[in-house]
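Let the sequences and hints guide you as you build the complete structure.
One letter stands for each residue in the lines below.
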Amino acid sequence: MTAYAKLRELQITLPVAEGPVAAFVPTVRTGNLLFVSGHIAKRDGEPWVGKLGVQMSTEEGKLAARNAAIDLLATLHHELHDLERVKRIVKMLCLVSSSPDFTEQHLVANGASELLQEVFGARGKHARSSFGVAQLPTGSCVEIELVLELAD
Amino acid sequence: MTAYAKLRELQITLPVAEGPVAAFVPTVRTGNLLFVSGHIAKRDGEPWVGKLGVQMSTEEGKLAARNAAIDLLATLHHELHDLERVKRIVKMLCLVSSSPDFTEQHLVANGASELLQEVFGARGKHARSSFGVAQLPTGSCVEIELVLELAD
Amino acid sequence: MTAYAKLRELQITLPVAEGPVAAFVPTVRTGNLLFVSGHIAKRDGEPWVGKLGVQMSTEEGKLAARNAAIDLLATLHHELHDLERVKRIVKMLCLVSSSPDFTEQHLVANGASELLQEVFGARGKHARSSFGVAQLPTGSCVEIELVLELAD
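Heads up: the protein sequence lines correspond to chains R, D and A, in order.
In terms of our numbering, the first sequence opens at residue 168 and continues consecutively.
In terms of our numbering, the second sequence opens at residue 168 and continues consecutively.
In terms of our numbering, the third sequence opens at residue 168 and continues consecutively.
What the hints contain is simulated information worked out from the structure, not anything from laboratory work.
One or more of the hints may lead you astray.
No distinction is drawn between identical chains; accordingly, a pair holds when it is met within one copy or between any pair of copies.
With a cut-off of at most 30 Å between alpha-carbon atoms, the simulated DSBU-like pairs for lysine-lysine come out as follows [stated by the list, open to error]:
#1 Lys-254 x Lys-209
#2 Lys-209 x Lys-173
#3 Lys-292 x Lys-254
If you're wondering where the values come from, they're calculated on a predicted model, not measured in any experiment.
Below, the structure is given as structure tokens:
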């Protein structure tokens, strides 16, 4: 099943990819690697403001991470024109805005990791680091960056 | 001297590699690069819970980083079957759970960097970033990820 | 216009590259990729100590990020002997020492991103993640690492 068929099955419509809000570009390719800029989590098109361990639950954080992964897919669709060009999700970095005592960053990050594996199957299985940061740009609760291998 | 001979000399026995506790895989290879997931520091097989600048000293943090490096070696042994396949440790990211005023993350990270250089010699010399995070998964004090170049 | 001509136009004199203060090396090359260690921001040759959202403004943070980028260029000049060997700045990671409520890390990071684009033109356009950390080595306010593609 293609990534697009899986997205339809999951009833996910990719949003229009928005460009970065600052002085960088969404992706850079070098050889067969694609480095994807950090994407903050949004809700209804606006930054999903909040901090885990303060006013957000792990379940909400997991949903925010899933939203960030959907925006990452929108960026990949826009940049690659075809998600089937993704040979492998290599590495995820998942940053979780956290109080000093919130310790479930790995469960929050699963919201993104599980979606990528649903959409891409075996080629969605990735290495990962997740950790709690003091704050994120625009106050968003989650930020995710990726390294991919392209098929061509 | 091989990495294994050096480990014997250092009287280090590699533990059995444990799989990730969340929705990701320990390593992903792309070309000759191997991306290794973040490994949290453990003590006696359990997460080494603590925060630098609160209840842990720099020396304890350095030992925790060394423990994480030993677990990374265990993962590499499990995934590659032979540590001699490591051509170069390319890059380390060392995350240190820190109070807002602890500023010795680089000394903590040395616990891992120095071990990798002892075990691998010149091919253990790596680029590195280390910094203080608000918290880490399961409350561990240190988390380390690696990028390697493989010989074959 | 070469990177050196642009630096002269900007009236930037590269400092002498200083080696790392801990157990790592400034850069590691693998294939055509160059991984560059995190460089902390300095002022007058000393760590620029401070935290955004406490005693530093966004404008000061942006200047600190620009300083770190100049030191990164000094390291690249020292390691590569010729900045023209840089084919592309692929990826920047910009760490900003932040209070729990400072949310303009992306504007701070622009200080480095904009300089690299001034110096390198189109090959200076990069993917990026920026976020707020609890603290940085030696108390510096900003730390930046890079991944580059080399031309040869």
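Now for the hints, and whether the structure bears them out:
no. : hint              : result
1   : Lys-254 x Lys-209 : within (27 Å within a copy, 34 Å between copies)
2   : Lys-209 x Lys-173 : within (22 Å within a copy, 38 Å between copies)
3   : Lys-292 x Lys-254 : both (11 Å within a copy, 24 Å between copies)
Hint compliance for this structure: no hint is broken.
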